[in-house]
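Quick mapping for you: the protein sequence lines, in order, are chains A and B.
Here the first sequence is numbered in the working numbering, starting from 1 and rising by one per residue.
Here the second sequence is numbered in the working numbering, starting from 1 and rising by one per residue.
Hints in this document: simulated from the structure, not taken from any laboratory.
One or more of the hints may lead you astray.
As the list claims (entries may be wrong) - Simulated crosslink set (BS3-like; lysine-lysine; CA at most 25 angstroms straight-line):
| # | chain 1 | residue 1 | chain 2 | residue 2 |
| --- | --- | --- | --- | --- |
| 1 | A | K18 | A | K53 |
| 2 | A | K57 | A | K70 |
| 3 | A | K3 | B | K49 |
| 4 | B | K68 | B | K49 |
| 5 | A | K3 | B | K58 |
| 6 | A | K55 | A | K71 |
| 7 | A | K57 | B | K104 |
| 8 | A | K3 | A | K55 |
| 9 | B | K58 | B | K68 |
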Amino acid sequence: DVKVTQSSRYLVKRTGEKVFLECVQDMDHENMFWYRQDPGLGLRLIYFSYDVKMKEKGDIPEGYSVSREKKERFSLILESASTNQTSMYLCASRPTSGSTGELFFGEGSRLTVL
Amino acid sequence: AQSVTQLGSHVSVSEGALVLLRCNYSSSVPPYLFWYVQYPNQGLQLLLKYTSAATLVKGINGFEAEFKKSETSFHLTKPSAHMSDAAEYFCAVSLGNTPLVFGKGTRLSVIA
């Protein structure tokens, strides 16, 4: 089975702190994604990566950056956390070849910024 | 660009009743369509997907969905609701090589 692991399930940070959300997948998938989930807004795409050292902006990249130094790891970085970044963050991956677009998700990281 | 509209942010059904969650999509070319389920404090789990084979797709836990091109719809159904079906459900669309675009979700409540 595909496993996508998000290192922190729950985090509490203060305004202005730098925050790292880590995601690791064990199925050699080329594509990785970060979504943000908020009540009533569904899932919104922050950043994605089609391969190592590649990154593309999604629909709401402002205030975020990403790093993909290794194929299995995709990190989301909040340079200076703000209260409006309090949310559930979901990481996902999928293969490139033969892909129908189906994503495999991690359990999510719930971030609270005080 | 693709988009998804889920009608009804909250649906409530009695246990044993029909579940119907509505999803309409917009896409310039034939898309791939998905339904995901999310239980509290968990990630998303794939229920079923349409990949241009059969238009009636069967998924896990007794759910199924029918792709209707003429109506640009992909509604999710289950004949008899169970308490364990209470969760949030997301419809999503993709062209295969593009990121998934999700609807805003429908919360399903099941009343005993």
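Hint check:
no.	hint	result
1	A/K18 / A/K53	21 angstroms, holds
2	A/K57 / A/K70	19 angstroms, holds
3	A/K3 / B/K49	19 angstroms, holds
4	B/K68 / B/K49	14 angstroms, holds
5	A/K3 / B/K58	24 angstroms, holds
6	A/K55 / A/K71	12 angstroms, holds
7	A/K57 / B/K104	20 angstroms, holds
8	A/K3 / A/K55	22 angstroms, holds
9	B/K58 / B/K68	15 angstroms, holds
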